[in-house]
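Protein sequence lines, in the order shown, are assigned to chains A and B. Residue numbers for the first sequence follow my numbering, beginning at 1 and rising by one. Residue numbers for the second sequence follow my numbering, beginning at 1 and rising by one.
No lab work stands behind these hints: they were computed from the structure. Any given hint could turn out to be false.
If you want a taste of the chain B side facing chain A, the calculated C-beta under 7 Å gives, among others [as the list claims (entries may be wrong)]: (1) I74; (2) D76; (3) G77; (4) T149; (5) A154; (6) A156.
All of these numbers come straight from a predicted model, not from anything done at the bench. Glycine included, each C-beta is placed from N, C-alpha and C at the ideal position.
2 protein chains.
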Amino acid sequence: MSALTGKDDGLTAASVPSGAVGVLKVRPLGLDSFRENVVLLSRCSHVLRPERLRGSRRVELTAMGRTLLATTMIADGALLEPDEIGLPQPLFRRLGVQAGDPVQLAPARPPASLAAIRAKVDGLALDDTTLAAVARDLADHRWSDMEVTAFLVACARFMSPEETLGLTRGMIAAGSRLRWDGRLVVDKHCIGGIPGNRTSLIVAPIVAAHGLLMPKTSSRAITSPAGTADTMEVLARVDLSEEEMRRVVETCGACIVWGGRVNLSPADDVLISVERPLSIDTPEQMVASILSKKIAAGVGRLVLDLPIGPSAKLRDSRAALRLRKLFEFVATNLGLEIEVIFTDGAQPIGRGVGPVLEARDVMAVLANHPAAPADLREKAIRLAARVLDADPDLPGGRAEARARELLDSGAARRSMDAIIEAQGASPLTAVLGALEHEVLAERPGPVTAVDCLRIANIARLAGAPTDAGAGVEILHRIGDVVRRGDPLYRIHGSDSSDFAFAVEAAGIDGGFRIAS
Amino acid sequence: MSALTGKDDGLTAASVPSGAVGVLKVRPLGLDSFRENVVLLSRCSHVLRPERLRGSRRVELTAMGRTLLATTMIADGALLEPDEIGLPQPLFRRLGVQAGDPVQLAPARPPASLAAIRAKVDGLALDDTTLAAVARDLADHRWSDMEVTAFLVACARFMSPEETLGLTRGMIAAGSRLRWDGRLVVDKHCIGGIPGNRTSLIVAPIVAAHGLLMPKTSSRAITSPAGTADTMEVLARVDLSEEEMRRVVETCGACIVWGGRVNLSPADDVLISVERPLSIDTPEQMVASILSKKIAAGVGRLVLDLPIGPSAKLRDSRAALRLRKLFEFVATNLGLEIEVIFTDGAQPIGRGVGPVLEARDVMAVLANHPAAPADLREKAIRLAARVLDADPDLPGGRAEARARELLDSGAARRSMDAIIEAQGASPLTAVLGALEHEVLAERPGPVTAVDCLRIANIARLAGAPTDAGAGVEILHRIGDVVRRGDPLYRIHGSDSSDFAFAVEAAGIDGGFRIAS
């Protein structure tokens, strides 16, 4: 029989160098394997004998001109016929096939770029060609999670600035790249770690109101109580396609969308999906991740917020300086103008922590509400001014006044309304969690410290960001003098067991320090 | 409702610190997820809402007093009821439950030992307590494959001899330990990499015939064309339990079994399962792996074969010396007497490469057949002599003569027959592959080199070890002078497409070098 039809004698697998292919019929399955690609084969499969898979469970599927890699499971029962391949939902959608369609199956050939792992373990530096191949194969999901992990750990602390540059360049090339016809495209980004720090949702409408383009993509929270995308989703739809995103930016001057449906630096999404569960967060990966996304989005000038504080990602100015220089080195070499700003990361920004509470803060600032949190307003104005300074038509020293003016006049608020309308209605019906608990000062005195990690953790325990209405409402800041029994912050939630855990955690360590 | 019954309001998951548990009914599924533990939950599950799993898909299952970790998939269709948990076959067996039995489910709490990964990435050394906890959690399958990968890569080239000792000690403690009532227990091990090097199957019966105990556990091949267990399986059953293994050794003085069903250093099995697909093979892990298995098996004296050659694992004497010292340091500190022997790893040993061909060589040597491969016989005698030297009753300088005597007299052969009978009949009906192809010398002259990796690769392509009768029969060795057209080796196989790949690969590079 022919190796191309894979009929009755069973095609070989793990030990075959290339080319052994069989054809199976698609059977969609009511299974969700999350982001992992999994396929099911019958124990009596016509094309791949399970005993051949002892060495590796990875297979290559080809359909509709696309090839994807997947991990195999075997169906013993009546779930599948021998000439069928079972596709759980994520893979069925990704392949774009119909039930009964033919799919070609072959044992996965390990991509040549995997040699980069061995090279890094051996202490070698990788050249640009290798790093480009790594980024491309990451973007094509050709590496297993274990391989991605090995690469990340082997690179941790052993990656030169030149390699970081090469990886960033490769990551940009491995995805789409937005072009904006020579117009001035700006953005603002924060490396994260400070609860409530939602300045992007204020900076973007100010910048758009001024007339510059700001096509902002952002991430959802994984370890924090809210990502920019989670908070924006309280106000509008955020899962826009690349084409929809472009239309919003063309119409409104800015957007604030989730990066998951656009193909900007897709290798970064793969790296992040492994970094997050492992809590690996190296400066080199952070630089490659942020800058590849921005450059792929067509950004020409970036203002970068690096908060420094005892519970922030950057604990001291030495670490901040090192990171700033790495950002500047890579950005400059890729033609991105960057301004790095060190900010106060000693405590949360604004009052709300959690999607609904943060969205409320943002809208209060945009509406010039007298009770709007002043720290969030002032930080957003400062950052917006640095962004507006990119405009050659704005006289030197005028940027901050211009940002303030656009906010005070309601122009930024109108700009935000337009962005929300263009992005579409939020799929959520998010309201503030009805369960409330106030955490009280145990002694009188001045607040001397607020632990960002602890506050973030309590907000997460209360249910944020999955429960958008859960979170923490902060009532005092460093320097405030409180009396014993004064409420320091309020925990909100809607699920009683989540809420109980958050209250319990706050009772063990509330995150506030009060001097005696 | 109570957090312990998990009835109707849905229990929280990813963000919960501990203790949130729900109970589901077991539904066994006709699915095989290989060694990975996978569970299926209904999209409408009573105890764990899928949207809660966004951060981590890992859950803890408790049943029959055992807790195991698994990765979640979601069933959307009619596959599962909301109060059921679907268990694929490997996990169903591992939990030891029946259909309908209750299983407690909770989001997995990350084990504290995971901090070791961060510490190694940060360049710190781990103390014995930490390494013991790592080994215990590895053995209990509490680490994901990604976490194991991160640990291995972070340790690669950054592990001190003291840490290797601590890890080895922890790995021994995390499994069973065989005791032999103070009797002299010996073993012989090779670090691998040389095709056909099946001396263990000759050394074990010689040692047993002499009267010492040699409880040998060995591995199956993953990247080589045959492991000791694969070759032994041609002759006898090898998947013995710990109790069965002990009985064979008590009866016959030795055994040669597969290590996969005995619980000796189970953490090693987990590490190896990740090292192999990633081809990570560091000296430190090799030492911890081999020595933990031997000490757990109750071995008191070990003879270790380190082949050195241009295509062997050890390429030069410097690398071999470093490895020898590490083996000696760890073994001595754990009370294991070790003798390391450097051997010639320039070319394959014996004639056969692949289970059936190797078993044939072994039985020919044991039967004193005139055509038996002399190199295999002499190497086995040399190693057996080093092992027999452990016997205090054997006068100095007599060991080699004694080994030769036991082989020549047929005592070793009778000992092997007894071991085979005690282990039971082989489940295989393995015969030499009927397809044959001779690889011919392309020029006349002396053979100057044989590439071990290439020969191993061709034997694997031909189907070994999955197809036990596939492999390579080597007809010439280094130093032989061949004529143009003389057969250098013969490829055997039974699957025509496998066979064709092997023949094609041999045509590209046959692995033999002939001087002109």
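* Violated constraints from the hint list, given by number and in increasing order -> none
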